[in-house]
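Asker: Here's the letter readout for the chains.
Protein chains: 4
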Amino acid sequence: MTLPVSDATPPSATLTITCADQPGIVAAVSQFLRNHGANIIHSDQHSTDPSGGTFFMRMEFYLPGLDHTRDAFTRAFTQVVAEPLSMDWQLNLSSQPKKMVVLVSRYDHCFLDLLWRKRRGELNVEIPLILSNHEDLRRDAEMFGIPFHVIPVSKDNKPEAEAEQLRLMREAGADFAVLARYMQVLSGDFLREFGRPVINIHHSFLPAFVGANPYRAAFNRGVKLIGATSHYVTEELDAGPIIAQDVLHVTHRETPETLMRLGRDVERQVLARAVKAHAEDRVLVHGNKTVVF
Amino acid sequence: MTLPVSDATPPSATLTITCADQPGIVAAVSQFLRNHGANIIHSDQHSTDPSGGTFFMRMEFYLPGLDHTRDAFTRAFTQVVAEPLSMDWQLNLSSQPKKMVVLVSRYDHCFLDLLWRKRRGELNVEIPLILSNHEDLRRDAEMFGIPFHVIPVSKDNKPEAEAEQLRLMREAGADFAVLARYMQVLSGDFLREFGRPVINIHHSFLPAFVGANPYRAAFNRGVKLIGATSHYVTEELDAGPIIAQDVLHVTHRETPETLMRLGRDVERQVLARAVKAHAEDRVLVHGNKTVVF
Amino acid sequence: MTLPVSDATPPSATLTITCADQPGIVAAVSQFLRNHGANIIHSDQHSTDPSGGTFFMRMEFYLPGLDHTRDAFTRAFTQVVAEPLSMDWQLNLSSQPKKMVVLVSRYDHCFLDLLWRKRRGELNVEIPLILSNHEDLRRDAEMFGIPFHVIPVSKDNKPEAEAEQLRLMREAGADFAVLARYMQVLSGDFLREFGRPVINIHHSFLPAFVGANPYRAAFNRGVKLIGATSHYVTEELDAGPIIAQDVLHVTHRETPETLMRLGRDVERQVLARAVKAHAEDRVLVHGNKTVVF
Amino acid sequence: MTLPVSDATPPSATLTITCADQPGIVAAVSQFLRNHGANIIHSDQHSTDPSGGTFFMRMEFYLPGLDHTRDAFTRAFTQVVAEPLSMDWQLNLSSQPKKMVVLVSRYDHCFLDLLWRKRRGELNVEIPLILSNHEDLRRDAEMFGIPFHVIPVSKDNKPEAEAEQLRLMREAGADFAVLARYMQVLSGDFLREFGRPVINIHHSFLPAFVGANPYRAAFNRGVKLIGATSHYVTEELDAGPIIAQDVLHVTHRETPETLMRLGRDVERQVLARAVKAHAEDRVLVHGNKTVVF
Chain A
1 MTLPVSDATP
11 PSATLTITCA
21 DQPGIVAAVS
31 QFLRNHGANI
41 IHSDQHSTDP
51 SGGTFFMRME
61 FYLPGLDHTR
71 DAFTRAFTQV
81 VAEPLSMDWQ
91 LNLSSQPKKM
101 VVLVSRYDHC
111 FLDLLWRKRR
121 GELNVEIPLI
131 LSNHEDLRRD
141 AEMFGIPFHV
151 IPVSKDNKPE
161 AEAEQLRLMR
171 EAGADFAVLA
181 RYMQVLSGDF
191 LREFGRPVIN
201 IHHSFLPAFV
211 GANPYRAAFN
221 RGVKLIGATS
231 HYVTEELDAG
241 PIIAQDVLHV
251 THRETPETLM
261 RLGRDVERQV
271 LARAVKAHAE
281 DRVLVHGNKT
291 VVF
Chain B
1 MTLPVSDATP
11 PSATLTITCA
21 DQPGIVAAVS
31 QFLRNHGANI
41 IHSDQHSTDP
51 SGGTFFMRME
61 FYLPGLDHTR
71 DAFTRAFTQV
81 VAEPLSMDWQ
91 LNLSSQPKKM
101 VVLVSRYDHC
111 FLDLLWRKRR
121 GELNVEIPLI
131 LSNHEDLRRD
141 AEMFGIPFHV
151 IPVSKDNKPE
161 AEAEQLRLMR
171 EAGADFAVLA
181 RYMQVLSGDF
191 LREFGRPVIN
201 IHHSFLPAFV
211 GANPYRAAFN
221 RGVKLIGATS
231 HYVTEELDAG
241 PIIAQDVLHV
251 THRETPETLM
261 RLGRDVERQV
271 LARAVKAHAE
281 DRVLVHGNKT
291 VVF
Chain C
1 MTLPVSDATP
11 PSATLTITCA
21 DQPGIVAAVS
31 QFLRNHGANI
41 IHSDQHSTDP
51 SGGTFFMRME
61 FYLPGLDHTR
71 DAFTRAFTQV
81 VAEPLSMDWQ
91 LNLSSQPKKM
101 VVLVSRYDHC
111 FLDLLWRKRR
121 GELNVEIPLI
131 LSNHEDLRRD
141 AEMFGIPFHV
151 IPVSKDNKPE
161 AEAEQLRLMR
171 EAGADFAVLA
181 RYMQVLSGDF
191 LREFGRPVIN
201 IHHSFLPAFV
211 GANPYRAAFN
221 RGVKLIGATS
231 HYVTEELDAG
241 PIIAQDVLHV
251 THRETPETLM
261 RLGRDVERQV
271 LARAVKAHAE
281 DRVLVHGNKT
291 VVF
Chain D
1 MTLPVSDATP
11 PSATLTITCA
21 DQPGIVAAVS
31 QFLRNHGANI
41 IHSDQHSTDP
51 SGGTFFMRME
61 FYLPGLDHTR
71 DAFTRAFTQV
81 VAEPLSMDWQ
91 LNLSSQPKKM
101 VVLVSRYDHC
111 FLDLLWRKRR
121 GELNVEIPLI
131 LSNHEDLRRD
141 AEMFGIPFHV
151 IPVSKDNKPE
161 AEAEQLRLMR
171 EAGADFAVLA
181 RYMQVLSGDF
191 LREFGRPVIN
201 IHHSFLPAFV
211 GANPYRAAFN
221 RGVKLIGATS
231 HYVTEELDAG
241 PIIAQDVLHV
251 THRETPETLM
261 RLGRDVERQV
271 LARAVKAHAE
281 DRVLVHGNKT
291 VVF
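Protein chains in written order, with our numbering: chain A, 1 to 293; chain B, 1 to 293; chain C, 1 to 293; chain D, 1 to 293.
Keep in mind that the hints were calculated from the coordinates and are not lab data. These numbers were taken from a predicted model, which means no experiment stands behind them. Some clues are possibly wrong.
In silico SDA-like cross-links for lysine to any residue, where the CA-CA straight-line distance does not exceed 25 Å [to be verified]: (1) C:LYS99 with D:ARG261; (2) D:LYS289 with B:ASP44; (3) D:LYS289 with A:HIS42; (4) C:LYS289 with B:ASP44; (5) C:LYS276 with D:LYS289; (6) B:LYS276 with A:ARG261; (7) A:LYS276 with B:ARG261; (8) A:LYS158 with A:PHE144.
Reference listing, derived: stretches of chain D covered by chain B, where coverage requires no fewer than 3 residues with Cβ under 8 Å from a Cβ of chain B [what the hints assert, rightly or not]: (9) 12 to 24; (10) 166 to 174; (11) 180 to 194; (12) 239 to 246.
Yeah, the Cβ is synthetic: ideal placement off N, Cα and C, and Gly gets one too.
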């Protein structure tokens, strides 16, 4: 289906910067961009502490022809701004969307939500590959014309399965991965080997109800709200930097099953919000926390 | 796809009652149910005014074998309870889900959300037919295995188009209809002829921004929240009884286009909530308002 | 100040019931009320499981003269309904508001909010006494004309201090107590001796961030929402039955100090909601959970 | 009362700028600030359209000694940055809080909430004067040590009453005024004469339910949410630029009176949020809309 109205962002570039806070950062970057003829559209900055803290910045700008002059721009920025100020930085072009691999098991809600949003133009990503440990969602994936690859995972074959996943993800050129209710824990080895961001959706308002069966745990504790948390995956389970969270109110009338049903709506919203923010270079990681511009 | 966990409601019956408030209603109904061996699971009641007001009740109960004894139950209830207390009432069995016809144009978000929830078992309805005035969503409908019928509508052919819609909806045995962002106004004649509930989703927090282009109007007014409203359709545009509403916060950064994108998430949630409530006989209409149990 | 508009509930009575679920409960209670000339205004019920579960009910009704006929009503209900069905039950009259003792330390927000709501008629309670371990809020308490009693508490004098608190609370005829950010842990002995409900407000969305300094802990974990939880106090810290919870969204811009400031608005709302529900007999405790009608 | 924890903002300066969007604005301002030794803490910008639109910026920075060098700073900024770029701009120092006059009638909830937040250090304002058309809230005002002046207003004396209000507000050096549920409409003459921002709280989610009795109107329409809107006052009633809005969910159970009670909590939150944003120079007005940084 083609939507009559497009809300795709027009082609732009995004510069994300992390460095020690010090006077003159904004001046240096904005002066550089001005000198190169860029028009800044959005600018966000954050400092953990103006004296001795860490400084984060995201600048989105138009610069006609940057697709072709990217190398020169990069060399100049490195020399004039980034090296003198000891910056970690990235330049991304909206005309070159990130490649996102989706890992999924049998629950379809987060998975379909991402595919729909991609199709509608809400998410500026490419999805070259879907990996699953079950056959269930093959037909849905194919409906969207995306390769769907099943690698069963068990205690016995986990290292081999992960190696195969890794091979396919690299082949697909994955820039990041999304666990859309993927029901297997990724090993530390896998995460290190992949070396790129992996976004997960956990079905509770972390740090409450870490681990398996959070809706059952929420029911047992008698909480009056349930939630979902999207975070970057680290080796420690459910403890990585949080990108987005939300909750909804529930009453004594709910059972673990109806909590699970209600939770689906929060899960898919929260995951979509996190993926969109990541795709648009709005998330800067700092230790175990995130700055989300 | 078959889900490992089902959250379908177990077979039950629902009695909805509207009558003049008066002492003894609850006693009469609960006594009757008890005498017939029913086990009440949920009971809700509301009175607009204990003296001289209107009384609303919804009782959900288990009664084994009611599928077969429905006629006798109905006769007895009429004689023993409903007539003496001058009740308007309905009995519905969850084993006989309502038939819902969906009307849609080109926007897919509300439409896909309903089909997907139906597939997940969240909505206890049958969808015998989808009607559209455009071809765009045919493939999606077919993916869900539901007949998709296109009837183009223009100023010139509106009466004929509505007559054909009506014929197909009756043939399909429609118990109610849902306008899932259907971009044509239904005529008063159509509504009277159909004679059954029609649920619409309007893309603003009514009564603000009645009519066309509410996101543009919201942008122009500079509101700090946008919303959606699901309501029963009446002849007066956007003025029927409201079933569900919700909003989300927005800032000066949004354009009419991004408001439209953000609004999609509220629209589909609000419409799904309204349809679910209607399908479960939770909505009782009273003049231009609703009681939603 | 006298408000031009009162929203005080008109005099009514509330019956709360807990018993094993079994057929005929609603019929028995509503029949009894009808026979005694009561007019039911609201009725809520809940069952943990229709077969073998626990049944909860709250019925609010008008019954003229019940102030004078309460003893006879109680005897009759016991004999006709409560004993045959083995019910735990309570009858409360809105004309006899509960006596609420407030314990407070130095934070004023929850404390003032309760006093304001009481003054405005939002909370149908009497406040015969405020207890504090600090002098700070004396002037505020006196502004509202409520006795303010300071009992300093330290490691050394805790048993004596609690004994004195207990003596004053009993003298004041306390029906329940509210810890409006009272910064001392009540001992198990105190709770047992007092033998009545104690409502606390904890400044996190429990079970996350149990214990001291939850805003600091929330900051350290980098959560994207903060919250508050009101619960009944049990001997195990922050683990009692939850009555109400809420959260608000926060970003990376907040510090532990601004989280604390933002959290004040959630804390006072959540505590007020819990206190109002308790005062109106809407909360039934079941093990470590609550039913809130 | 002295709070153990202060969340007062440390002394800083805020520069707010509105001008035609054009390349080099951020560079010019940040370069100027750097050259003067300022350390930027927060920076926000917005453009209605990068080509031909309006540009808005708020920069918050530390600059030791600016209290004493303000005139020189102002002259230099005018010459080097503001005039070349045709900027409307303002410089405000947090060490010189704005003077806020509160107008109030008989409802106490918004009024008390503002006074209490001021006392807590949440609002960096001075309140030199409270004006009312009723005596009711005198004692509360005096409890907070703020002069309370009653000027009764009727159809007959409105011009004289407004003249007297204006005189007192000028005498008090008012930088802006807040209508904390002040139940009189201010005349266009008054607004022009005063010539400074006036913030109102309207008890509905505007543009729905403009005018008097919005809770009654909300009840009649059967909406499922109620809300509040804080906006700058213009001559057209309830049509000025919106600063903040919020809503809460309601059901069929509410009456106009309980809607009014529930609404109080939204009203005071929304008004406080708007006043805080205004006091911190976060609100830039653009036609009939606001940019809120």
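Asker: Run every hint past the structure and note whether it holds.
Answerer: Consistency of the hints with the structure:
no.: 1; hint: C:LYS99 with D:ARG261; in the structure: 22 Å, holds
no.: 2; hint: D:LYS289 with B:ASP44; in the structure: 44 Å, violated
no.: 3; hint: D:LYS289 with A:HIS42; in the structure: 19 Å, holds
no.: 4; hint: C:LYS289 with B:ASP44; in the structure: 22 Å, holds
no.: 5; hint: C:LYS276 with D:LYS289; in the structure: 38 Å, violated
no.: 6; hint: B:LYS276 with A:ARG261; in the structure: 13 Å, holds
no.: 7; hint: A:LYS276 with B:ARG261; in the structure: 13 Å, holds
no.: 8; hint: A:LYS158 with A:PHE144; in the structure: 29 Å, violated
no.: 9; hint: 12 to 24; in the structure: violated (count 0)
no.: 10; hint: 166 to 174; in the structure: violated (count 0)
no.: 11; hint: 180 to 194; in the structure: violated (count 0)
no.: 12; hint: 239 to 246; in the structure: holds (count 6)
The earlier numbered hints that this structure contradicts are 2, 5, 8, 9, 10 and 11.
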